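Trainee: As a plain string of letters, each chain reads:
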Amino acid sequence: MKTGASMLEIERLTRRFGSKTAVDGVSLSIPAGQMVGVIGRSGAGKSTLLRMINRLTEPSEGRIIFDGQDVTQLKGRALRDWRMRSAMIFQQFNLVQRLDVLTNVLVGRLNQRPMLSSMFKMFTAEERAMALTALDRFDLAEAALQRADTLSGGQQQRVAIARALMQNPRLILADEPIASLDPRNSKIVMDALRDVNRDGLTVLVNLHDLTTARNYCDRIVALNAGRVVFDGPPAELTAARIREVYGVTEEEFAEEAALAVGATPHQLAVA
Amino acid sequence: MQEAYATSLPAVIRGEEAFQAARRQKRNAAFLGAAVVLVCLIIAAWISEAHPATLWAGLPRIFEYFTRILPDLRWAALFASAETEGSIAFWFYRLPEWALLILETANMAALATLLGSAVSLLLAFPAARNIAPSGLVYNLTRRFLEALRTIPEIVYALIFVWAFGVGALAGILAIALHSAGANGKLFAEAIENADMKPWDGVTSAGGSWFAACRFAILPQVLPNILSYLLLRFEVNIRSASVIGFVGAGGIGEELYKVISFNYYEEISAIILLIILTVVIVDLLSEKLRHAAIGRLEAAR
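Here the protein sequences come in this chain order: A and B. Residues in the first sequence are numbered consecutively from 1, following our numbering. Residues in the second sequence are numbered consecutively from 1, following our numbering.
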């Protein structure tokens, strides 16, 4: 387990949707370079938690401190700069289907482009080289000029990771990155996330699959009804602990969580 | 009363009764709705003095007008020169002038469509509920677009003729303003139907609102926008044909003249030319739309 000075501090973070509390007073302290898996049943608030860190969803209460800076107060330019540093990866990849792969990766540089040149899709040769390098890392350089919707799910998620890397992020927030993928692509994507983590990036990844979380993460945070119910190394998250925390067996938990994200449970374990 | 179902299971009986009740309720609602519409229709006709008797009395006069504007064509002379009465050339003896005017009309429509749609494209993004920066901006742009399209083209044309003088410029601006309002609403609705996942993707990468509009939304709605643009072009050809009535350029001025002077045969000649132009534009834009959308689908 890599440790360092605490980089991301989440303090009593809360989000309410109407009368429902999705995330309820979550406090976490995450050191630089850690790979953290967030698990929980459907509706536990995993997605909302990650989206609040990137500020795609506004917190109702609480603070997020990154390197001493209060992220929850950011606005305009400063907020967009923060979003660039905390790259997101989504379950549905969130690529622009009708644009080519290269442009999709270059979206990661939009924050650094002057407004007018970006309106005309003008990027520098240096940026294109950077994008192609990122694509090549995932064996996708050949597909650079293909439209994103011609790629398989696994390929699209790799494009999404390349886009995230283009942002030169300090933090990667992956929201169920493998829930829509087959086992082989799940492994490729999880390996890619582990690789970038080893390059020094902090990774927060929402997972519905316990085995994957245990295999890849330094630390596991379990959420239930918006609250942290477990926070520790994977070895401590035993089957007994799962039953204690969620009131169901590990098999039931796995089945339920997989159903919630629309995946088939028995296929999902990635070793 | 038919009891065919009475012998069946209780569930069947209950289900059939529920079905009958629901159907009765639906029928009653439909009858009531139809009655309300009918009453409204009668009241509206009464207030606007649209009496059936007037319609009945005027009907033959319409046919009379149509027979008057029909050309006096003779088989023997059909393809003779413009000097011979009864030939097509005699009917269309001013074809060169009219052709020029029709061309001007089509150009007015094309320019107005492009100008207006450029404005709508810019306004459609803040006017789309799903991506508008704030409720205020959304409401302001929506109301502005409404105002643009509610004012009839002919009113704009009167204002612009007064400001810029008689000519095509007034017509182009008038049609462009109306097109901006009409297409703005359609474009905004296309944007509201767009998939928002790419929007999250671009925003989460630190892209600005403008970048997200450009990269996440525009590629999705471009085929739709192209369709609406070509449709608007067809509509604008018709508008440009009549806007000349108030001196705003195009074939309309000529049409107005021949109608007021009762040059009956020329009325039918010009109307036929306009119909032909609309048919040609219809056919062309259909081809263009398929080609352009096909290319959009294939390339990127």
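Hints in this document: simulated from the structure, not taken from any laboratory. This structure is a prediction, so every number in the text was calculated from the model and none was measured. Backbone N, C-alpha and C fix where the C-beta goes; we use that ideal spot for every residue, glycine too. There may be inaccurate statements among the hints.
Ranges of calculated distance between the beta carbons of each label pair, as one might list FRET restraints [claimed, not checked]:
(1) B:Phe144 with A:Gln69: 52 to 60 Å
(2) A:Met119 with B:Asn130: 45 to 53 Å
(3) B:Leu222 with A:Leu116: 15 to 23 Å
(4) A:Met119 with B:Glu192: 55 to 63 Å
Derived contacts from chain B toward chain A, CB cut-off under 10 Å, selection only [claimed, not checked]:
(5) Ala205
(6) Pro223
(7) Leu272
(8) His290
Trainee: Against each hint, give a clear statement of whether it holds in the structure.
Mentor: Comparing the hints with the structure gives:
{"no.": "1", "hint": "B:Phe144 with A:Gln69: 52 to 60 Å", "verdict": "violated (39 Å)"}
{"no.": "2", "hint": "A:Met119 with B:Asn130: 45 to 53 Å", "verdict": "violated (20 Å)"}
{"no.": "3", "hint": "B:Leu222 with A:Leu116: 15 to 23 Å", "verdict": "holds (20 Å)"}
{"no.": "4", "hint": "A:Met119 with B:Glu192: 55 to 63 Å", "verdict": "violated (22 Å)"}
{"no.": "5", "hint": "Ala205", "verdict": "holds (5 Å)"}
{"no.": "6", "hint": "Pro223", "verdict": "holds (9 Å)"}
{"no.": "7", "hint": "Leu272", "verdict": "violated (43 Å)"}
{"no.": "8", "hint": "His290", "verdict": "violated (18 Å)"}
The structure does not agree with the numbered hints 1, 2, 4, 7, 8 stated previously, though it agrees with the rest.
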